Structures are given as C-alpha cells and as structure tokens.
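> Spelled out, the chains give:
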Amino acid sequence: MSTTAIEKNNLEESDSVSEKWVRPRMVDMPKGRLAMWWLIASEIVIFGGLIATYILFRLRHPEWGHAAGHTSTPLGALNTFFLLTSSLTIVLAHDAANRKDLKGAVRNMGITLFFGLGFLVVKSIEYSTEISHGFTLTAELFWSFYFLMTGLHALHVIAGMTTIFIIMLGVRKGKHLHRVEFAGMYWHLVDLVWILLFPLLYIAH
Amino acid sequence: MATEVKQHSVSPHNHHSELSFWRKYIFSTDHKVIGMQYLLTGLIMVFVGGFFAYVFRMQLAFPGQGIPLYGKLDANAYNMMITMHGTIMIFWVAMPLLVAAFGNLLIPTMIGADDMAFPTLNMISYWVFFISTVVLILSMVLPGPMAAGWTAYPPLSANGYPAQIDFWGSIGGSLWILAVALEFVAFLIGGINFLVTTFNMRAPGMKLMDMPITVWMMNIAVLVFMFSVGPLVAGAVMLLFDRSFGTGFYNPAVGGDPILFQHFFWFFGHPEVYVILLPGLGMVAEVIATMARKPLFGYKAIIYASIISGFLSFIVWAHHQFIAGIDPRMAVFFSFTTIMISVPFAVWMFAAIATLWKASITLNTPMLFALGFIGEFLLGGVTGIYLGASAFDIYAHDNYFVVAHFHYALIPDVFFGGLAAIYFWYPKFVGRMYNETLGKVHFWLTTLGFNMIFLPLFYNGLKGEHRRIFDYSAWPSLMSADMTQNRVIATVGMLILCAAQIPFVINMIHSARKGVKAERNPWKANSLEWVTASPPPHGNFETYPSVYRGPYEYSVPGREEDYWPQHLPQ
Chain A
586 MSTTAIEKNN
596 LEESDSVSEK
606 WVRPRMVDMP
616 KGRLAMWWLI
626 ASEIVIFGGL
636 IATYILFRLR
646 HPEWGHAAGH
656 TSTPLGALNT
666 FFLLTSSLTI
676 VLAHDAANRK
686 DLKGAVRNMG
696 ITLFFGLGFL
706 VVKSIEYSTE
716 ISHGFTLTAE
726 LFWSFYFLMT
736 GLHALHVIAG
746 MTTIFIIMLG
756 VRKGKHLHRV
766 EFAGMYWHLV
776 DLVWILLFPL
786 LYIAH
Chain B
238 MATEVKQHSV
248 SPHNHHSELS
258 FWRKYIFSTD
268 HKVIGMQYLL
278 TGLIMVFVGG
288 FFAYVFRMQL
298 AFPGQGIPLY
308 GKLDANAYNM
318 MITMHGTIMI
328 FWVAMPLLVA
338 AFGNLLIPTM
348 IGADDMAFPT
358 LNMISYWVFF
368 ISTVVLILSM
378 VLPGPMAAGW
388 TAYPPLSANG
398 YPAQIDFWGS
408 IGGSLWILAV
418 ALEFVAFLIG
428 GINFLVTTFN
438 MRAPGMKLMD
448 MPITVWMMNI
458 AVLVFMFSVG
468 PLVAGAVMLL
478 FDRSFGTGFY
488 NPAVGGDPIL
498 FQHFFWFFGH
508 PEVYVILLPG
518 LGMVAEVIAT
528 MARKPLFGYK
538 AIIYASIISG
548 FLSFIVWAHH
558 QFIAGIDPRM
568 AVFFSFTTIM
578 ISVPFAVWMF
588 AAIATLWKAS
598 ITLNTPMLFA
608 LGFIGEFLLG
618 GVTGIYLGAS
628 AFDIYAHDNY
638 FVVAHFHYAL
648 IPDVFFGGLA
658 AIYFWYPKFV
668 GRMYNETLGK
678 VHFWLTTLGF
688 NMIFLPLFYN
698 GLKGEHRRIF
708 DYSAWPSLMS
718 ADMTQNRVIA
728 TVGMLILCAA
738 QIPFVINMIH
748 SARKGVKAER
758 NPWKANSLEW
768 VTASPPPHGN
778 FETYPSVYRG
788 PYEYSVPGRE
798 EDYWPQHLPQ
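In order, the protein sequence lines correspond to chains A and B. For reference, each letter of the first sequence is one residue, going 586 to 790 in our numbering. For reference, each letter of the second sequence is one residue, going 238 to 807 in our numbering.
Just so you know, nobody snuck in bad clues.
Facing chain A, according to a computed beta carbon distance under 8 Å, are these residues of chain B, among others:
#, residue
1, 437
2, 491
3, 492
Pairs of lysine-lysine residues, derived as DSBU-like cross-links and limited to a Cα-Cα distance of at most 35 Å, are as follows:
#, chain 1, residue 1, chain 2, residue 2
4, B, 261, A, 758
5, B, 754, B, 269
6, B, 444, B, 261
7, B, 677, B, 261
8, B, 261, B, 751
9, B, 261, B, 761
10, B, 269, A, 760
11, A, 758, A, 688
12, A, 760, B, 261
None of these hints come from the bench; they were simulated from the model. Note that the coordinates shown come from a computational prediction; the quantities given were computed from them, not determined experimentally. We treat Cβ as the ideally placed atom computed from N, Cα and C, and that holds for glycine.
Construct the complete structure from the given sequences, taking the supplied hints into account.
As structure tokens, then:
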C-alpha cells in the first residue's frame, strides 16, 4: 500500500457530503466520533436502566446472595482479564492505525477478536455448567436477571466483534483507518459494562 | 482543524442524474426523499389508527350494532383496537410525522447543509422503520395480538401469571413488542444523525442562537428520546421473556414486580410526550412569527424553557401511576414536578401570544392551524395541571376525563401543529401552492369535529364514565340520558373529523399535480430553506449560504422590506 493511497483514505472524515464547501464545527470532533459518543450514551441508558433495576431488586432480596454463590467467580475473573486485555489491544490497534502501521493495526485487532472469542467460549462453558446444575432461566429470578444481563452483554460482544472484523478487512486494504478508533470506543463500552456486571453478579454474595 | 480544507474522492451524490428510479425514490439517501417517505408512511398510518378510532367510537355510541365497513365488534377486537390506536398514533404517526419527517426535511435545509451527516445511515433508519411497520401490521393479523392497552402493563400483557406459555398462540403480542423495539432503533439511528448534523454541519456564521427554533426543538426532543428510551428497551426484553420463556420479572409470586414495568414504560412514556410536543411547538412558533411578520417574542427564553422542560420531563413520570399504589410522599413529589413542568410551556404560550400582539397577521391555512394549536392546546395543558394534583388524579385517572385531556394535548400537537407544518412547508418541498379554500374548509371542519369529540368526554369523565368498558349498556349508572347523548355527540364529531380529511387529501394530491408553481420564498420568511429553489435540488443549495443574523428579523425599522433573510450580508 503506497503512502498516497493511505493519505487518500485519511484518518479524518469530512463533515460535508458533497465536499462543496467547508464549515466550522461546534465541537472540534469528526462526525464519526461524535456519532459514536451519542451511540454510547444511548447504550449506557439501556444498561443503566437494567443494572439500576437489578441493584434495587438485589437490595430487596438478600437471599439472592445464595444463588450468586453458584456463579463461577474464577471463570468470571478470567473473562474480566480477557476483556481488559482486549481493550488494551484495541487501543494499540488505534495507535498503530494513527501511525499508518497497517500490519500492527490488523494484528492488534486480530488479538482483540481472539480475546473476544475467548470470552464467548468461557461464557458458554459457564452457561452450560449452570444449566446442567438446574440453574435455568426460570429457576429463580436471580437467574433470570443473570441470563438476561449477561446475555444482552454477550450480544454486544458479538456485535463489537463483528464491527471490528469488518473494519479489520478494510484496514488490511488501507481503507477507513479512522474507523479503528470508533470500534475501540464501542469495545471499551462492552468492557465497561462487564466491569459492572462482574462484581454485581459474581462477587457480591 | 476547524476550517481545514479537505480534498476527498468525489462523492457519489454528484452523479445523481444517473441514479435509477429505485435509488432515487425508494432506496434514496437524500434527506428530502427520506423525509417524504416518513411523512407518507405517517399519513398512511394515521388512516389505519383513525379507522380503529372510528370502529370503537361507533361501538361506544351504538353498542352491539353492526358498524358500517366493519361489522359487529367483539370485546377482544375492541381491546386490540384501542391498543393499536394508541400505539399507531404515538409511534407510527406522531413520531415519524413530527420528528422524523420534518426533522429530515427541515434540519439540513434550515442550517444550510447539503444533506444529513450520515446519508446512508439515514436511509437505514427509514427502512428499519418500514420493517417495524410491517411487523406491527403482522402483529395485528396473527393470533394473540396485543390487547392490553398501548401501555402494555403486565400481567395482562404477559398473558397472566403463572405464565401460560403458548408461543404461537400469542405471537401477535410478541411481534408487537418487536415492532416497537425496531421503531426505537430506527429513531435512535435517526436521532444520532440529527444531532451530529446540527452540531457539525451548520452554515458558516450560524451560531447556536441563530438556529431556527424548529432545529433547537428537534434536537432537544432527540436528546430527551435518547436518554429516556433505554430502560424501556430493557423492560420490553424482560416482558418478552416473561411472555415467551416463563420468567417472572413482573411476577410478584417469584419476587418480581409488575409496577416495575410501569416505571420502565413511563420513564420513557412521559418524556415521549415532550419528544413529540417540542417539534410541534417549534414549527408552530415558526409559522406564527412568519405570518405575524414580527420577531418571535422571547426566542432565547423559549429555548431555555424548552431545555428546562427536557430535564423536568425525566422526573414527572410517576404521575401516571398515582393509582398504582404509590407511596403518598412520592406522589407529593411527582405532583409538584408535574405542575412545575407546565411553567416552561406557559412561557412558550405567552411568547406565542406576545408575538401576535399588534402584529399584522395573515390568516392563511398554516396560520389558522397554528392559532388553533394555541387555543386547543391550552385546554389540554390546563386540564393537565388538574391531573397533576394526585388527589384529583385518583378520581379522574381511569375515566374519560384523562382520555379527553391527553387528546387535547396530543391532537393539537400532532394534528394542528403537524398540519400547520405540512401546509407551511408544502410549497417548499412539493414545489406547488396548495389550495387555500380547501385548506380553510379542512381547518374549520377539523376544529369542529375535534372539539365535538372531546369536550363532551370531559363532562362524561367527570360523571364517572370509566374508560375501559366495551359496552356501557351493562352499567345502568353510566347509561343516563345525558351521558348516552354525549357519547353520540362524540361519535358524530368523530365522523365529522374523518370527513374533514377528505378536502385535505384532495388538496394534497390535486395541488401536487395542478397547483400554481411555488416561488422560492412564498411566505417571505427568513430562514435558509427559503433561499433555495422549491423544491430544493439534490444537494439543496446552488451556492452555500453564510449566515449573518438570527432567523426572526421581521419588520426591522428602517428596512424597506419587512423581512431580512439570514443569508443576506449587511
């Protein structure tokens, strides 16, 4: 990939669609990043509502601590490690993309995907163990919340991985390098939600 | 950074003349086409929702008799129809019409942009909305449609507890939940687009306080929507789980709580009122200032008041739950905030009236609808203050007083505000003038019909007419001569309101084909959308405008003309 080709698919997007004129911006931010922040804001409200509901229910039902004892804290901790590390690698990918180091960006995005896959594998091991012990979706309200919240989070992991994969294909060809940052922002959200879910569902007994 | 010049590959938009019919009108990325698609979908859905209103109003006035065009109505179909009437009118009419359609048409043209910030995303937004419409219609015809009211409170909406899981037998209700969720996705995508467009794509020189009030209102509405809808998305998934898998999130027997859903619903549902009200207020203010030829009174005050009302709208929701067993101390708090939130809207009202003070008013159709809005909305707003007081609300909540109240709040907004906007911007986006006579007939018949429906319902409500009864003949105390008569008057009013839409449809279709060609600026208005041709070409502007002043510089002393467009240099 020649440098000019990379220049052309610049890190910055323009705000204007037909490129006829240039205008001042209110926030000094390309439109993609701005839109990403709004998307994250709306996601936070979804998870925020769910997590706040869970906390209120949990305070009302101290007996759920017993059920929470049946979730596997070591596996949860392993998954926390996976996600935190993958957040690091996606930042490294962003950094590499900024330096127009295509190989480094693709490699780090690949590692991120690998950790994301690891997270899903561990999650499915957890799910199957729990279900085989009789802790199904309808066993107790705690388990309903557990499967709903972790399931919704897992969907976001899959969505994030799909996004990263599609962007990685573009980056391989030197296209849309600025999108690595957006994928990273979303991935951090996925990470952040897990950081809240882990103590709430695994650690607090 | 801010004014950095960038040279990029040529955008596909420059080749628009070569686009096929499908790319130009169906899968278009042009914000004007998408706005029109939203507008037409909304206008088609208003007839579906209106048809349901026709059927159940006929049943209420003449119980048990065959209804023309429908036949005999049974109680289950009645419940399905009131559910779908509410769902359609809020989510498939008010939202697409006021927010999506006019947001798409007006935001880029008013701020002087060539299109939305993300044209493809904009197209996706419409098609997700379209799919949600199809799913909604499927949900009505498949078995087990949602019949628990548009608020879908469990346990009714969850088919009772312990859950009777019958996946295929209750597929209609599940699809209803899915349709609403898809609709939220469509508007979240669209809303992000609105915000980014307004933030980053304004014409050079256009400061925030130079934006037309409509653009302000659309953005406040989108923000309110974005921050209120999330918990309901989670709540809807929980309801779907309860229905389909037998969980008990809302089942008190296993530790759940049915009131929780009410909190989810109204934490969104109340801000939603302002999501559809604010764009209406903005567009009506636009019409009033233009037709009164005076600067909009208190432009900044209106904006600050609207921002405050956006915040307040998040802490009033439990006034919908005064009869759900709420702690009286909380009821006091929510009564207080509810009555407080009328203040920002009173600011808007007084600003609108002050704009009219000593103005030379043009009484054309959009202005009539705008003035109608002020008068009618006042009744909805004032009865809202009664209902905000929990003591009164406990009596009135489940009778027709509340029904009349929220129709007096929503119909002026969606109907009068929406129609004022449709008539006002019709020349701009269709390119031809509408017929003024037909427009005025439409206005007067609509006003007559609308008031005939809902004024009697205030009276019946206060006399105790419960709002969820299918056939009043089983309740002799509700069958007194005056109440029966009022029900018939309301139904006749509904028929007039339906008939009143015939001149509207004729006017819209006929004028689009045969109307007088519209000039660029038929109303001599100031904002940027009037600078360009009618209808605006692809890319909106021939030369991109810069902005030198606010949008309401009407009748400036010392100027020969009584308007001063935003883009003219000093």
